[in-house]
Amino acid sequence: MSNVAVKNLNKTYTAKVVPVRDTSLRVEEGEFLTLVGPSGCGKSTTLRIIAGLEQPTRGQVLINDKDVTALRPGDRNIAMVFQSYALYPHMNVYENMASGLKLKGMGDVEIRDRIKDANDVLGLDDLLDRKPANLSGGQRQRVALGRALVRRPDVFLLDEPLSNLDALLREQVRADLKQIFERQSAPVIYVTHDQTEAMTLSTKVAVLHKGDVQQLDSPERIYTRPANKFVASFIGSPQMNLLTLPCEGNQAVLGSSRITLPDRFVPPPEVVLGVRPEHIRIASPGDQPLVKGTVFLVENLGMSYLVSVHVDGSEDTTLRVLLPSDQTWDQQITLTMSPEKLHWFNVQTEERLPDHGA
Amino acid sequence: MTSTTPQSSPASSTPSPTRPGWLSKQLILAIGAVLIIIFSLAPVMWELLTSIKTNEAITSDPLVYFPSWSQYTLQHYWELLVQNRFYIYIFNSALVAVTSTVLCLCIGSPAAYALTRLHLPGERIILGVVLVVTLFPYILLFLGLLEIVRAVGLANNYLALIIPYTAINLPLTILVMRSFFQQMPRDLEDSAKIDGYSTLGMLVKIILPLTLPALVTTGILAFIFAWNEYIFALTFITRESMKTIPVAAAQLAGTTLFDIPYGPLAAATIIGTLPLILLVLFFQRKIVQGLTAGSVKG
Amino acid sequence: MTQDTIRAREQRTGWLLVLPAILVLLLVYAYPIGRAFVLSFFTENLSTNLEAVPTGFSNYVRMVLDGRFWSSIWNTTIFTAVSLCLELVLGMAIALVLDQAFRGRGLVRTVAIIPWALPTALIALAWRWIFNGEFGVWNDMLLNWFHLIEQPVNWLGDPTWAMVSAIAADVWKTTSFVAILLLAGLQAIPQELYEAHEVDGASPLQSFRHITLPLLMPQIIIAMLFRFAQAFGIFDLLIVMTGGGPGGATEMVSLYIYDTVMRYLDFGYGAALVVVTFLILIGVVAIAGFFLTRARTASGEL
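Chains as they are written, first to last, in numbering that gives the first Met the number 0: chain A, 0 to 357; chain B, 0 to 297; chain C, 0 to 301.
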């Protein structure tokens with residue numbers, strides 16, 4: 000059973016530049032953890048520390064519960080796929096895949112077997128004699144993956160492996176990746192800035208921001224229960240509406256309308272309301288609460304329209320709403336949202352207000 | 000002439016051949032190009048012509064620019080190679096230049112790599128010193144080196160040239176190779192580390208094969224500098240059979256005061272410059288690349 | 000085990016990789032320069048039977064009063080200053096031509112590098128032959144082609160003309176180096192800048208002054224710095240072409256140093272001359288470095 004963990008990991012360059020701040024993570028056999036966040040959030044640094052390409056200022060890296068912090072990358076039995084694929088340009092595909100195995104002193108026969116196994120999955124058989132320069136982007140990506148697979152490592156590390164592919168190919172390779180890694184059991188840590196990759200591939204997602212883990216959860220919970228304002232705004236496209244609203248009693252004031260806070264809250268003076276554009280719809284008779292507004296921008300996304308609305312009675316407040324493309328509406332629009340799809344955050348701490356109990 | 004047909008233009012990337020002033024610009028460029036060629040080649044061509052003229056043609060009045068058939072001769076080359084055994088000097092020059100170039104690459108490129116990627120404390124100071132050292136004229140070094148050469152008993156030993164030549168080319172090698180290493184994608188090295196290469200193994204198996212073009216560039220420059228060096232060769236080598244071409248050729252002029260052997264001298268110049276002209280013809284691009292990387296980016 | 004064992008191991012390897020280079024550089028650069036400083040405070044010549052006898056600053060005092068030293072400094076300064084000016088102007092002209100697109104540019108670029116690549120000592124022979132007073136082609140051209148002179152001139156036998164000849168040879172040999180560096184700089188200037196400037200209504204001359212020169216300034220300074228160091232220490236060209244003559248008219252500092260050491264076996268004084276030359280060089284490098292930083296800031300490079 001392999002597993003990988005980091006304990007209280009910290010990387011400090013200067014007092015102000017701290018790419019990784021006291022991070023602890025654990026990935027078990029069969030799990031696929033994605034580190035996601037904006038650039039500069041520390042996700043790549045964390046991955047590189049796990050790989051041994053960088054040294055932490057404090058903290059430990061554990062593989063199979065053994066402290067490997069002081070081991071060289073080559074001694075950690077890991078495999079890594081790089082954004083640029085990092086194939087050796089002067090070696091052909093076979094040599095690229097074999098080079099790490101040869102360094103471990105593996106015999107030719109076993110190397111051949113392993114490469115054959117990997118090729119059954121990746122279909123690289125016709126390319127073995129080619130140099131990387133003669134491969135397409137997608138083929139290079141597969142070779143990079145093959146080079147990782149043949150090592151049968153204790154942990155797979157992938158650093159933005161899809162970023163260099165064009166959009167069309169990316170979707171297909173993403174699906175391939177999912178299948179390939181579901182078929183094996185070693186833990187995978189995957190770094191990306193693309194939330195779709197994070198949501199589709201992972202069993203667990205860690206959202207990182209400014210060196211801190213903001214939330215570590217299943218993709219579903221990251222989406223349905225964002226732990227704070229940052230996660231709420233980072234995950235989901237188009238972005239969640241986040242409105243800072245004053246409260247009157249147990250109601251939040253949004254323009255001319257009132258939205259009742261859940262009973263469990265001690266009514267705060269101010270609150271942040273989060274609601275995803277896909278969770279707002281045009282009100283039908285009997286819906287509550289109602290928000291009236293004026294449409295000022297319509298963006299056609301194909302399968303739906305992204306409609307921007309100024310809320311009546313609070314002209315600075317903008318709501319972005321995702322409406323099905325077969326629907327029509329007037330400039331003056333009345334909207335509604337289901338109370339169970341609303342997210343409430345503390346204005347000061349930006350943390351999610353508790354879901355259960357007071 | 001106001002013809003309506005567009006000017007039949009030579010293939011060039013000038014955007015609009017019909018623009019006024021275009022023709023005069025091309026004319027100026029053509030004249031400039033011809034002047035540059037004459038400027039660069041004339042002295043060498045004159046040496047070449049002198050080297051294949053008979054003695055009578057060389058000293059005739061008026062001057063013979065283009066000799067008639069009877070005035071051509073290979074006698075000067077024959078004299079030089081057979082009588083003066085000039086091939087010995089060619090061999091010496093080649094031996095010293097090639098050995099020092101190889102040595103310089105072997106020592107310089109690992110150092111350049113370490114100074115590019117391994118975060119050595121004080122690397123900025125080392126690089127600064129290396130940069131300044133490229134400016135030192137050899138005359139500042141020959142006195143101290145002479146003492147060392149005498150103390151160690153290296154006089155009339157090829158090492159007395161090979162070691163200084165290695166050294167004078169080291170700064171350039173380090174600067175040029177460093178500028179190449181800086182352009183190498185870091186992922187490649189990271190990938191090699193994860194594959195389990197040691198730093199040295201990675202250098203030999205991955206990095207140096209990839210920087211082969213840079214090694215060629217640097218090697219050509221080092222070879223040129225070593226082949227051309229004069230003051231050390233003049234000072235540290237006194238045995239006739241070990242001299243290099245520049246020294247041997249220059250002393251040819253000094254041996255006889257009255258009957259200066261113009262023909263053989265010209266032939267010696269041509270023999271000594273020919274390898275370099277060939278290098279330039281084949282590797283022009285690399286030489287320019289190396290020179291600019293070694294000085295501009297440093 | 001400390002956390003940084005990987006880094007420590009890497010650095011240890013790093014030092015091993017740098018060590019041979021550092022040792023060679025110390026041996027061939029640091030030792031001779033350091034040794035010259037030490038030896039300059041000793042008298043070591045025939046009068047002391049080539050034993051080093053400490054004599055304090057006597058070598059430097061002697062230098063102040065040494066007319067031959069001052070005249071060699073003067074010669075070197077003239078040679079360097081005139082050479083550099085001509086090379087800059089010519090090199091710039093060549094670079095500007097080679098920066099344009101025309102048929103056969105590759106060939107012209109290749110040919111233009113040839114002078115730089117050739118051995119100076121052999122080039123000196125070639126130019127000595129060209130300036131030969133009796134059979135030289137230069138005299139013949141001036142006499143019979145251009146009719147600028149009536150009588151053959153003994154170029155290398157006349158103090159002034161010998162200096163002019165030496166400068167001509169040096170300019171020929173090293174202009175291509177300047178041109179290569181300037182051309183690289185020119186090619187790094189984005190074409191859009193010129194187009195934008197042209198749209199604004201600037202003439203080519205104005206573009207040269209307002210765009211080319213300021214943006215090229217770092218390269219100009221670097222090229223001139225390299226050329227200064229080479230010209231100030233020039234040895235092979237003159238010892239072969241003029242031997243410092245006639246009558247010391249083309250004796251450079253380097254030739255004087257060489258004579259002092261190799262002919263008069265005056266090692267202490269030779270060392271003092273080395274030290275002074277070294278200090279002048281370092282001084283100029285420091286000044287140039289200062290201007291380089293300023294030019295790089297001005298051209299937006301830093």
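Don't take every hint at face value.
[To be verified] Below, simulated BS3-like cross-link-like pairs (lysine-lysine); rule was C-alpha separation at most 30 Å, straight line: (1) B:Lys-204 with A:Lys-115; (2) B:Lys-285 with A:Lys-101; (3) A:Lys-115 with A:Lys-209; (4) A:Lys-177 with A:Lys-209; (5) B:Lys-24 with A:Lys-130; (6) A:Lys-209 with A:Lys-101; (7) A:Lys-65 with A:Lys-103; (8) A:Lys-103 with A:Lys-115; (9) A:Lys-177 with A:Lys-6; (10) A:Lys-130 with A:Lys-103; (11) A:Lys-130 with A:Lys-65; (12) A:Lys-103 with B:Lys-285; (13) B:Lys-285 with A:Lys-130; (14) A:Lys-209 with A:Lys-65; (15) A:Lys-103 with A:Lys-177.
[Unchecked claim] Simulated restraints, written as ranges between beta carbons of each label pair: (16) C:Val-60 with B:Ala-150: 28 to 34 Å; (17) A:Ser-23 with C:Ala-7: 22 to 28 Å; (18) C:Ala-7 with B:Ser-240: 50 to 56 Å.
Think of the hints as simulated: they come from the structure by calculation, not from any bench.
Yeah, the Cβ is synthetic: ideal placement off N, Cα and C, and Gly gets one too.
Numbered hints the structure breaks, given as an ascending list
2, 3, 5, 6, 11 and 12
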